[in-house]
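Chain order of the listed sequences is A and B. Residues in the first sequence are numbered consecutively from 1, following our numbering. Residues in the second sequence are numbered consecutively from 1, following our numbering.
These aren't lab readings, by the way, just hints derived from the structure by calculation. Note that the structure is a prediction, hence the values are computed from the model and not measured. Among the hints, erroneous ones may be present.
What the hints assert, rightly or not - Here are the computed lysine-lysine pairs in the DSSO-like style, where the Cα-Cα straight-line distance is at most 30 angstroms:
| # | chain 1 | residue 1 | chain 2 | residue 2 |
| --- | --- | --- | --- | --- |
| 1 | A | Lys89 | B | Lys83 |
| 2 | B | Lys83 | A | Lys320 |
| 3 | B | Lys5 | B | Lys109 |
| 4 | B | Lys186 | A | Lys261 |
| 5 | A | Lys263 | B | Lys95 |
| 6 | B | Lys240 | A | Lys180 |
| 7 | B | Lys95 | A | Lys320 |
| 8 | A | Lys95 | B | Lys102 |
| 9 | A | Lys299 | A | Lys95 |
| 10 | B | Lys95 | B | Lys71 |
| 11 | A | Lys100 | A | Lys207 |
| 12 | B | Lys389 | A | Lys225 |
| 13 | A | Lys167 | A | Lys319 |
| 14 | A | Lys446 | B | Lys389 |
| 15 | A | Lys394 | A | Lys218 |
| 16 | B | Lys82 | A | Lys220 |
| 17 | A | Lys446 | B | Lys334 |
| 18 | A | Lys394 | B | Lys198 |
| 19 | A | Lys86 | B | Lys102 |
| 20 | B | Lys112 | A | Lys263 |
| 21 | A | Lys323 | B | Lys5 |
| 22 | A | Lys416 | B | Lys95 |
| 23 | B | Lys109 | A | Lys319 |
| 24 | B | Lys139 | A | Lys86 |
| 25 | B | Lys406 | A | Lys261 |
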Amino acid sequence: MIGLAENAVSQALKTGASEAEAYVYEGQATNIGIELGQISKTDRIIDRGLGIRVVANKAMGFAYTNVIDDPKAVSSVIARALSAAKASKPDPEWKELPEKKSYVSLERTFDERLVELGSEELVNVASTMLDAAGQVDKRVFPIEGGIGSAYISNAVANSNGIVGFDKGTVLECSIATVAKEDDRVTPVCFEFNASRSYEVDPVWVGKEAAKLAVSALKTKPVETKSTTLILTQFALQDLFAYTLINAVKADSVQRNQSPFKGKIGEEVTSENLTIYDNGLFPGGLRTWAFDGEGVPHHKTVVIEKGVLRSFLYDSYSAKKEGKESTGNAGRAGYLSTPSIDTTNFHILPGNKTGDEMLREVDDGLIIYYLQGAHSSNPVSGEFSVVATPAWKIKKGEITHCSRGVMLAGNIFEVLKNVSLVGSNERQMGQLISPWIQVENVKVIGK
Amino acid sequence: MLTLKEERVEAAKQGIESGVALRVLVNGAWGFASVGSLDEAILESAVSDACGMARMASSRLKTPIKLAEAKVVSDRVEAKPKKNPAEIQMEDKIKTAMSVNKAGLGYDKRIKSFSIDYLDLTGTNFFVNSDGTSIEQDKLYVWSRITASALDAGVFTFSREEVGSTAGYEVFDEQPPEDLGEKVAKRAVEQLSAKSLKGGTFPVVLGPNVVGVFVHEAFGHLAEADLALSGGVLAGNVGKKLGSDLVTFYDDGTIEGSFGAFKYDDEGVRSQKTLLIKEGVVSGFMHNRETAQKFNVEPTGNARAEDFRVEPIIRMRCTYMEPKDHSFDELVEKVKRGYYFKSFRGGQANLDGTFQVGIQEGYEIVNGEVGAPVRDASISGNTLETLHKIDAVGKDFLLDPGRCGKGQTAFICDGGPHISVKEVVVGGSA
Numbered sequence: 001m002i003g004l005a006e007n008a009v010s011q012a013l014k015t016g017a018s019e020a021e022a023y024v025y026e027g028q029a030t031n032i033g034i035e036l037g038q039i040s041k042t043d044r045i046i047d048r049g050l051g052i053r054v055v056a057n058k059a060m061g062f063a064y065t066n067v068i069d070d071p072k073a074v075s076s077v078i079a080r081a082l083s084a085a086k087a088s089k090p091d092p093e094w095k096e097l098p099e100k101k102s103y104v105s106l107e108r109t110f111d112e113r114l115v116e117l118g119s120e121e122l123v124n125v126a127s128t129m130l131d132a133a134g135q136v137d138k139r140v141f142p143i144e145g146g147i148g149s150a151y152i153s154n155a156v157a158n159s160n161g162i163v164g165f166d167k168g169t170v171l172e173c174s175i176a177t178v179a180k181e182d183d184r185v186t187p188v189c190f191e192f193n194a195s196r197s198y199e200v201d202p203v204w205v206g207k208e209a210a211k212l213a214v215s216a217l218k219t220k221p222v223e224t225k226s227t228t229l230i231l232t233q234f235a236l237q238d239l240f241a242y243t244l245i246n247a248v249k250a251d252s253v254q255r256n257q258s259p260f261k262g263k264i265g266e267e268v269t270s271e272n273l274t275i276y277d278n279g280l281f282p283g284g285l286r287t288w289a290f291d292g293e294g295v296p297h298h299k300t301v302v303i304e305k306g307v308l309r310s311f312l313y314d315s316y317s318a319k320k321e322g323k324e325s326t327g328n329a330g331r332a333g334y335l336s337t338p339s340i341d342t343t344n345f346h347i348l349p350g351n352k353t354g355d356e357m358l359r360e361v362d363d364g365l366i367i368y369y370l371q372g373a374h375s376s377n378p379v380s381g382e383f384s385v386v387a388t389p390a391w392k393i394k395k396g397e398i399t400h401c402s403r404g405v406m407l408a409g410n411i412f413e414v415l416k417n418v419s420l421v422g423s424n425e426r427q428m429g430q431l432i433s434p435w436i437q438v439e440n441v442k443v444i445g446k
Numbered sequence: 001m002l003t004l005k006e007e008r009v010e011a012a013k014q015g016i017e018s019g020v021a022l023r024v025l026v027n028g029a030w031g032f033a034s035v036g037s038l039d040e041a042i043l044e045s046a047v048s049d050a051c052g053m054a055r056m057a058s059s060r061l062k063t064p065i066k067l068a069e070a071k072v073v074s075d076r077v078e079a080k081p082k083k084n085p086a087e088i089q090m091e092d093k094i095k096t097a098m099s100v101n102k103a104g105l106g107y108d109k110r111i112k113s114f115s116i117d118y119l120d121l122t123g124t125n126f127f128v129n130s131d132g133t134s135i136e137q138d139k140l141y142v143w144s145r146i147t148a149s150a151l152d153a154g155v156f157t158f159s160r161e162e163v164g165s166t167a168g169y170e171v172f173d174e175q176p177p178e179d180l181g182e183k184v185a186k187r188a189v190e191q192l193s194a195k196s197l198k199g200g201t202f203p204v205v206l207g208p209n210v211v212g213v214f215v216h217e218a219f220g221h222l223a224e225a226d227l228a229l230s231g232g233v234l235a236g237n238v239g240k241k242l243g244s245d246l247v248t249f250y251d252d253g254t255i256e257g258s259f260g261a262f263k264y265d266d267e268g269v270r271s272q273k274t275l276l277i278k279e280g281v282v283s284g285f286m287h288n289r290e291t292a293q294k295f296n297v298e299p300t301g302n303a304r305a306e307d308f309r310v311e312p313i314i315r316m317r318c319t320y321m322e323p324k325d326h327s328f329d330e331l332v333e334k335v336k337r338g339y340y341f342k343s344f345r346g347g348q349a350n351l352d353g354t355f356q357v358g359i360q361e362g363y364e365i366v367n368g369e370v371g372a373p374v375r376d377a378s379i380s381g382n383t384l385e386t387l388h389k390i391d392a393v394g395k396d397f398l399l400d401p402g403r404c405g406k407g408q409t410a411f412i413c414d415g416g417p418h419i420s421v422k423e424v425v426v427g428g429s430a
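Next up, chain A with everything else stripped away, as it sits in the complex (with noise of 0.2 angstroms):
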């Protein structure tokens, strides 16, 4: 992979380009699928390919493929690069592809078992937690779910000196269920495990999403008014996602979409509220050595106890302004050119367990699953959305579920209004999170 990668770039420079950027991806994955109760699918993804990003006369061009044994295919995707560069306008702000830093050795990214694991053990796994959720209670569906393990490996090299290879594995299995009684049926209650090894708990997952099912059969309206929620890690990745995220993308900022634009070094969220990007987070869903560029994986302190410390930075973004990248150029495969994103969004946990956050709520909400945060609005930080649903806490113990509750407010004021962080902390794609307490929501009860 490495030498297709170097001789893309070299070829590149031979044919016109300036500089030359090569990605190439390889990656295998295994799924047992769970539908309608039962095992029912399998599949088997074998994905790989080039994508060649070139600078000719400061313009930017990119061509990907799939064909990648065809020398001749390889050929033309370069050319086509070239001629997507040529087509382009020029960019006066364009310096240079990112040079060669030093990656550092990775812990618990790449557990061989996973490459190796065969489809009988999957169906064991799967079938597991199948069995875990159907034996909490009858009313339980298990309506969609799975395990499925992936390896996944990449290449960079550019005309800068950057060449890298990673090799890693995930291993995911997850479980979807509603509860039916009479007429009625929940919300998709969901649950699941992923690690970068061969540690997950199926049946801690098919009972976990049983349970809470279960508990959203009975309904009982709450009122409007503003309150107390602890927000789970679901609701947290979702809400995050679409506003928190893209305001601390450094072009965002640059681009006067962020209202944190101007306030490095200001308190823009509670105290309690510290917050790291580590893309070197050991077992990390998204540790790897570097980047989508080559640059290496870092971490980078975003908020300090309530106070903006620094943006994420790809390597365009952080040579506009100066500095160094923060090796936060994300890439969906070989199919895009990097652009912006998160590794491993890290809110540093505190000191008090989930029950004992649970306990101390006199009166309020804890929400689990959110409907629409993707409709929020990704600048200004507005959201508008249903908690599905939401199960409301009193004198310290949760007393029932809820339907139909929305929650609006803005983003950034909620994070002023952080009160409490738990010591509860998980993964979920790219948040490592604990619970968090926050007051005085708007609530829209029924």
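Put chain B on the given structure of chain A with help from the hints.
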């Protein structure tokens, strides 16, 4: 593919890919494999892999999967664009995109950022199955997303619009780039003076763009047979009256040039116009061959796969509400204190019938008249309750292209007339 941010071409992109998706049914369990290769030896090993895995999974089956009969066809479907995007020079595409952005940026100096993503996809799908069907079908998609943000006195606004067609590049003749740029910019600027609204239950008038998303999210997903089987609230309700007489919805894959149109789906089944609910009575669901067999009906041609990397699943095509007889003024007139929601930003549904549609452009209605703009609201409710609360339906009709996520992305289209709804829950922070 192109991305322009303000007047900068971020990247001009071109890609070529080929691959094979194959699916086998062994003892009632599915085996699916995807490889980016046409090599015979690789394909053979992928087939035997898929068969082996399916056999393994079938050991735990309670109800083996069977498929409904589908007509055996041999066909060649050719795309006939007036302007084939594959033959338009990259320079010209950049020019079109640049005129959108220039029009947007020039509209008002409070517009701080303006982007356009442009994508065209052209290619050919070859489909064969063991029944003897063999289809060669051209694919053609032209799509664009335009976004603007405005900033004034610490207030940020955001506006978005999409363009999509299966006809050809001529879509930019029908919707000139300058008009598109202005439309997106104008909304962002108007939103600057909008106020946060008060949450609660209100009567509303919904524009075709919001009605389309309501039909798609609140009803369409629940009428996908796989989700109905999963316990969605429409299950067991075919033939029952669940909405007011004014409610008639279709999912139609046959509207030529529309963003959800195609002749055959990815199981080789002919696309059609599927009636979902007629005058409030649920007529049927959207099916693939697997669910059609379970319901003992004909497949409706709704099995779609994003590309060869994923299996076909039940997806919508062009989903809309049938217009009736009211003018816009008549709809607004009867609302004493409520809102007019004209354009959406995102929407989502749940199996229990809870829906949510975010609003990017809305106005107050006071004493029967459209008033001041409101910002960043959303509406929510329960589908089954809301279908009864639709009290008047307009005579106008509009379709908008969109994209739908269900693990995979599908290009779809939705719309309808203006309608009025007696009450929905409106989420606002004031």
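Unmet hints by their number, sorted upward, for this structure: 2, 5, 10, 11, 16, 22 and 25
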